[in-house]
Each structure stands twice: as structure tokens, then as C-alpha cells.
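Undergrad: Sequence:
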Amino acid sequence: MRKFMWLCLFMMLPVFFFHVQLRAEKFDPEKFLPTKNLYSDQELQKRFYNMSFRPFERDDLAFSMLVQKDWKDIPIKVPKKQLEQESASLIPLAKVMAPKGKRGIASIAVRYIKVPFEVKLSDWVDYYLKGNGLQPLLRRSGTFNGRRVEEVLWRSVQEGKTYLARMTLSRHGARLFIIVCSALETSFRQYARIFSAAAISFAVKKKATSEFAEPMKIYAGKRAPVLRFRYPASWTAKEPEGLPKGKSGVDISLRRKLAGGKARTLAFLHIKGISKTLNRSPDEIMEGIKKDFMDAGIKLQGPMDHTEITKRFSGRAMRAKRWSVLIAGEAGELAVAVFARHDGPIAMGLLVPSFKSGPLAWMAGYRELEIAARDLLAGSIAEKGRKPSEALINTDPKRLVNRTMYQLAKAVKSGNFTEFHEGFTMVLKKKITPQNLADNFRSFVEKKIDLTVIKGLDPVFENDPRIKPDQPLKLSGKYYASLMTVMFDLTYEPENSEWRLSDISIRTGPPEPPPGKKLKIPPRPELTKLTNATMIDLAEAISKNDFTNMYNNISKLWQKQTSKEGLADTFSSFVENEVDLTVINGKKPTFDKTARIEEGKLLLEGHYQTRKMKIFFALKYWMDADAWKLVGIRVWTKI
Numbered sequence: 001m002r003k004f005m006w007l008c009l010f011m012m013l014p015v016f017f018f019h020v021q022l023r024a025e026k027f028d029p030e031k032f033l034p035t036k037n038l039y040s041d042q043e044l045q046k047r048f049y050n051m052s053f054r055p056f057e058r059d060d061l062a063f064s065m066l067v068q069k070d071w072k073d074i075p076i077k078v079p080k081k082q083l084e085q086e087s088a089s090l091i092p093l094a095k096v097m098a099p100k101g102k103r104g105i106a107s108i109a110v111r112y113i114k115v116p117f118e119v120k121l122s123d124w125v126d127y128y129l130k131g132n133g134l135q136p137l138l139r140r141s142g143t144f145n146g147r148r149v150e151e152v153l154w155r156s157v158q159e160g161k162t163y164l165a166r167m168t169l170s171r172h173g174a175r176l177f178i179i180v181c182s183a184l185e186t187s188f189r190q191y192a193r194i195f196s197a198a199a200i201s202f203a204v205k206k207k208a209t210s211e212f213a214e215p216m217k218i219y220a221g222k223r224a225p226v227l228r229f230r231y232p233a234s235w236t237a238k239e240p241e242g243l244p245k246g247k248s249g250v251d252i253s254l255r256r257k258l259a260g261g262k263a264r265t266l267a268f269l270h271i272k273g274i275s276k277t278l279n280r281s282p283d284e285i286m287e288g289i290k291k292d293f294m295d296a297g298i299k300l301q302g303p304m305d306h307t308e309i310t311k312r313f314s315g316r317a318m319r320a321k322r323w324s325v326l327i328a329g330e331a332g333e334l335a336v337a338v339f340a341r342h343d344g345p346i347a348m349g350l351l352v353p354s355f356k357s358g359p360l361a362w363m364a365g366y367r368e369l370e371i372a373a374r375d376l377l378a379g380s381i382a383e384k385g386r387k388p389s390e391a392l393i394n395t396d397p398k399r400l401v402n403r404t405m406y407q408l409a410k411a412v413k414s415g416n417f418t419e420f421h422e423g424f425t426m427v428l429k430k431k432i433t434p435q436n437l438a439d440n441f442r443s444f445v446e447k448k449i450d451l452t453v454i455k456g457l458d459p460v461f462e463n464d465p466r467i468k469p470d471q472p473l474k475l476s477g478k479y480y481a482s483l484m485t486v487m488f489d490l491t492y493e494p495e496n497s498e499w500r501l502s503d504i505s506i507r508t509g510p511p512e513p514p515p516g517k518k519l520k521i522p523p524r525p526e527l528t529k530l531t532n533a534t535m536i537d538l539a540e541a542i543s544k545n546d547f548t549n550m551y552n553n554i555s556k557l558w559q560k561q562t563s564k565e566g567l568a569d570t571f572s573s574f575v576e577n578e579v580d581l582t583v584i585n586g587k588k589p590t591f592d593k594t595a596r597i598e599e600g601k602l603l604l605e606g607h608y609q610t611r612k613m614k615i616f617f618a619l620k621y622w623m624d625a626d627a628w629k630l631v632g633i634r635v636w637t638k639i
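Sequential numbering of the sequence shown, starting at 1, is according to the numbering used here.
Source of the hints: derived by calculation from the structure; they are not laboratory data.
Yeah, the Cβ is synthetic: ideal placement off N, Cα and C, and Gly gets one too.
Watch out, some of these pointers could steer you wrong.
Here are the simulated BS3-like pairs of lysine-lysine, each with C-alpha atoms no more than 27 Å apart in a straight line [stated by the list, open to error]:
#, residue 1, residue 2
1, K120, K46
2, K120, K321
3, K321, K299
4, K429, K478
5, K529, K612
Computed Cβ-Cβ distance ranges for the label pairs, DEER-style [unchecked claim]:
#, residue 1, residue 2, range
6, D283, P244, 13 to 23 Å
7, L134, T452, 57 to 67 Å
8, R264, R147, 30 to 40 Å
All chains, full assembly: derive it from the sequences and hints.
TA: This is the structure we're talking about:
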């Protein structure tokens, strides 16, 4: 049922977008839901198993995740009837617990549920939280190793004890997998890294073949303006009769059969295309859609917050309204949106039960509104019927990323993120403030990470950028600076004919050689010259008790990490014992191992044989401005 595998350089590469603080109470995401600098490869191999699970002997439920070696696997029993009703409740798949007596009670549990319709992950999280009366302390969206996730942290009280729980959700086809990591609030932070290791490393065995929970159909209308979009197979499409020239339309509905053969409509989407030759204003079109529903017997009760619609279409030119309604005496809501397109406006009216009375139908309706709208507007104009902005299409991705990164470098250096904040989309500006940004990049500011090292460099992208003016532009890659590697994941969205930032993740790491740049080991005479220069610098520094000249000759990378006083401390025993290394003058080193290059560093190991002693060395060099410069040294003697 389970098998254990030793870890071999298991790399966890989290990419997180901005969190939104949902309560006045302060919770630092990096303390409670950490994603940075979790464990080294050596720590992972020593402390964790990459544990494989195959619940109920089913490959479609199989998964793996990192589990600390001393945690106990708790057997799971699920009634057969519950397994047969996958959409009715969360089904337990696995549970592991920390050893008893170690900082209180802590566990990691994995559950799943099958969603009967195509729904949006964040909507399902809203449904789960509201249904269980949970108030999130933190909530955020992001990506773990290519897997889209929603994360929530909440507090609960059980048997008089206060717990914190971290829930990480990801969707794989029709199934939602949920990892719940919980511990007593007093000890939660001590387990936070262990919880992150499980949440980040989680991977299903059987990958979904589609991004959707259901098979999808394509509606392709023949009337102009042409309507073409995808919709789930559980929905049905019907074209209205008697449409006048200049208009096209289709109604799609989600229906469920009831006892006795009758059917009930759970969600209804009314879509119209209006030719620009008709010169209809967005307000006129919206009133027309509303009238269509009222003529069908829908009774408006009052206005509702329209941001439930607009938040789903960041950066899109649109008009939207939302009302509470009565549908045959039952509570529901009507959402109407009008979008600009090059051949004329697209109008959409969505009728669904209220979230409280029919949450799944509500989620399915809004999800199809998103899918249809994005398909209908793909390749069209977002900005008031104008042609796609030449500035968007002709954007140089490298210049765009450089501009963002230079602005970020300036913000980190000054600690003021106000100007950087101006480059975000309007939606993101409403969610986060300049102070939120400062909090997110606090570690960069406190550690004085100098991102200006990228100036003069071009970013190297993971994939060739593909620019489409009506779709988000995602750019990921690295800057290969001599002092560090700067990794970025940036997402831009079109807004007012320019690209604006909607997501950002920045990480730094040790320097790496750029891809395609092959470092060559110098010939033996140059290795000898390089070694002699370093060892004579050291010999003179020890003799004079002055490491200034040696410090000036080491790499800039090492200079950032140490000082001449630091070098002096390293070799203080040589100075105190008056070890005379100048005896190597005029001698050639013997290389005990073949020179090699590892992780961009040139490694040299060997010794000098003198009459008084044998002097051993292990030297590391880094390519700095086309020259090998010292980045590490170890010297010892044997008489």
C-alpha cells in the first residue's frame, strides 16, 4: 500500500503569489506557511522519506509527498458506502502523525472529493470555509512545482485546546486533493517547515488529461457576430429563434433530472453578440439583457456587489451589474456583463440560485461565465473596440522584465515600495498596499540583497515568450550575475494598452554559469600560475599580518561575504605560530587530484613539498569578469 524511497536531491521549487491578509491579526506567511529556504538537499536525505500512497489500491488516488522519517503512518478506514459517494463529502486518504510527546499534537492528513461539475478552485474554497464556519487567518493562491494551489490558515478549538490548521488544495481533473496540516497553536510554528515540505512536494501519480473537471463541448455559431466558446458536456445549448440582423445568441443551461422524469434548471447562461453597426451603448445592452430575464418571469429584488463578476476578469474593459432575484419564488441571483470586442459588444446574463441555497450550481454557473467569456474574447479587443495595441504586441519581453526588476531593486534598496506599487494592475493594487509589498520583501531589505547586480545583464527565459494582447503574459527565468543568480516568475496583464504586473515571485541563489557558457579548465601552466599567485598572496599576508592585498585579489562574490579582517581571523593560527609559507617561492605545486569544475567553480587540490614541511591546499575559483578569482581556500601543513 505504501513504499518508501530514499531522497536523491529532491528539489522543492515553490512559486508563490501575493497573500491577502484577511484579518487584523498579524500572521507572517513565512513564519506560518514558509516556502523559502526550507531544507538543504542533505537535510532532506537525512530527515525525510518521499512516501508513496495508493489508497484503496486505486491508481487514480495514488500520490506521494515528503514525510519526516520519525512520523507514524495512521491506518485509514472508510466505509464502502462513503467511497461510492465521492461527491458527498471529503474522503480520508492518508494520515501521518508526529511522535508522541514531541511539542504537542501534530498531524498531516490528505483527503479528496470529486466535484460533480466544472467549478473554480477558489470558489470551492469559499464554499468550504463558509460551510464550516471557518474564518481564515491567512489565504493565498500560488503554484507549487507547476501545480496550482489555494492555501488557507485557520484557528479552531477542540476539547478546550486551540489548534491552527493549514489547508492546501489543488485540483486534478474532477478531484480536489486537500492536505490539512494541524498542530496546537503553541507549537504550530515549530512544525511549519515540515508541513511546507509535505504541501509543496505533494504529487499525484495519475496526471489529469485535461484542465477541466468535465469533458468539454464547443459551441460554434454561424450568425454574425460569431460566437464560439467551450462549455461542459453536462450543459445543453439552444439557439433562440427570431433574432434580428446584427445580433447572434445562444442559451446554455445546466439541468438535472428529478424523480418522475422531470428536469430542473440549476444554472442558465444567456449570451448575445451585438454588431457594432447597431451603435448600442453598454448601458442599453445591459438593460436589454435584464429585460429578457424579467420577461421570462424573473423578479428582481435588489442590487448586489458587482465585484463578484469583475474580479474574475482582471484588466478587461467591461460593465457589470448583479441583483438578487426570485426564481419561481426561490432565492437566486442575476449577473449581467457586457464586454467590448472588435466586431461589437458581447453580452452575458447568468442566472443561478443564491450561494446559500445552491452552492454547487452557483459555482458551476460562474465558472462557465468565465470560460465562455474568455473564449469569446480571445483574439479580440479589450479596449473599447479598438484594434489591439501595437505597444502590447511589440513589447520586448527582456526590456519589460528589466524595467520591473530595476524598479524592484530600487524599492528594496530604499525600503520604499510606493513607486513599484504603481506598476501593478488595478485589481492587485486594491488587494495589496505598498506596505504589504514591503512586508513581502522584508527579508530582501533586512539582508540588504543588492538586486542591482543584474544591471547590464539580459534575463534568460525558461521558454520563448508568447505575446497575445488579450491574454496574461507569463515570464519566468533567471539573471546570471557574477555575485548571485536571481530567479523570477512574473505575470503581466493588459490594462489601458500597457502590460501591468499581476503576480510576482523573486528568489535568489548562489551564482551559476549561464546556460550555453561552457567553462574550460585552463592548461596546466596556467593552473600552476594561478595556484602560485594565490599561495604567495597568502604567504605574504601571513608574514606581514596584513591581508589587504590578498582581499583585493579575491572574487567580488567572496568580497561580499567576508572582509580582510575575516581573512585574518581564518589564518590567525598561522600568524600566531609564525608559519612561514614564503618557502614556496620558486617552487611548483603538485596537483594531487585532477582539476575539475563543479557548479561553476574551478577546484584545485594539491601540495608543495619543501625541506621543512609539506603544505597542502584546496582552492576554489569563480569566473569573475572573464578571469578565475579565488572564492574559497583551505591550507594546512604537515611536518
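Undergrad: Now tell me, hint by hint, if it's right for this structure.
TA: Status of each hint after checking the structure:
Between K120 and K46, the direct Cα distance comes to roughly 39 Å. Violation of the 27 Å bound is thereby established for this hinted pair. With a CA separation close to 21 Å, the supplied pair K120 and K321 stays within the 27 Å bound. About 15 Å separates the Cα atoms of K321 and K299, which keeps this hinted pair within 27 Å; it holds. Distance hint between K429 and K478 is fulfilled; the C-alpha atoms sit about 26 Å from each other, no more than 27 Å.
Note on K529 and K612: the hinted pairing holds, with a Cα-Cα distance of about 23 Å set against a maximum of 27 Å. Between D283 and P244 the CB atoms are about 20 Å apart, so this pair conforms to the stated range of 13 to 23 Å. At roughly 44 Å, the beta carbons of L134 and T452 sit outside the given window of 57 to 67 Å. For the pair R264 and R147, the beta carbons lie near 36 Å from each other, so the given range of 30 to 40 Å is met.
Of the numbered hints given earlier, the model fails hints 1, 7; all others are met.
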